[in-house]
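Student: Sequence:
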Amino acid sequence: MSAENKILIEVFPRYIADQSMPSAHKYAFAYTIKITNAGATAAKLISRHWLITDANGKVEDVRGEGVIGKTPYLKPGEEFTYTSGALIETAVGVMQGEYTMLSDSGENFDVPIPRFTLSIPRTLH
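Per the UniProt record's numbering, residue 1 is the first one in the sequence shown, and the count goes up by one each step.
Careful, some of the hints might be misleading.
Claimed, not checked - Here are the simulated BS3-like pairs of lysine-lysine, each with C-alpha atoms no more than 30 Å apart in a straight line:
1. Lys58 with Lys70
2. Lys34 with Lys75
3. Lys6 with Lys75
4. Lys6 with Lys34
5. Lys6 with Lys44
6. Lys70 with Lys6
7. Lys34 with Lys70
8. Lys34 with Lys44
9. Lys26 with Lys44
10. Lys26 with Lys75
11. Lys58 with Lys26
12. Lys70 with Lys44
13. Lys70 with Lys26
Calculated from the structure, these hints are not laboratory results.
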């Protein structure tokens, strides 16, 4: 990725207890992602690719257009924040992936989404 195309990704995951059913092996997580265009050229997010892995090693491969039904267009210095979710079969899992962007200069480029952990809160005694 050139300095012209510099996109920063921040991820904030959290467990959603009221949408989870541990006895049925259903653990719900939300994640908020902030995408910042720190580059010199405007770019549009055109697609996403996720790998969601639970503690049993089960991998879900998710691909699609945009995020939450949108294809945000970010000028230099602009940011876009959204929240989405994942349902996995274990109390712990990980997610990672990439966004494909299209710059105003016509270049497609991938932006890695750093690996992050999905985990139910632990109580300290």
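Student: What hint numbers does the structure not satisfy?
Tutor: 9, 10
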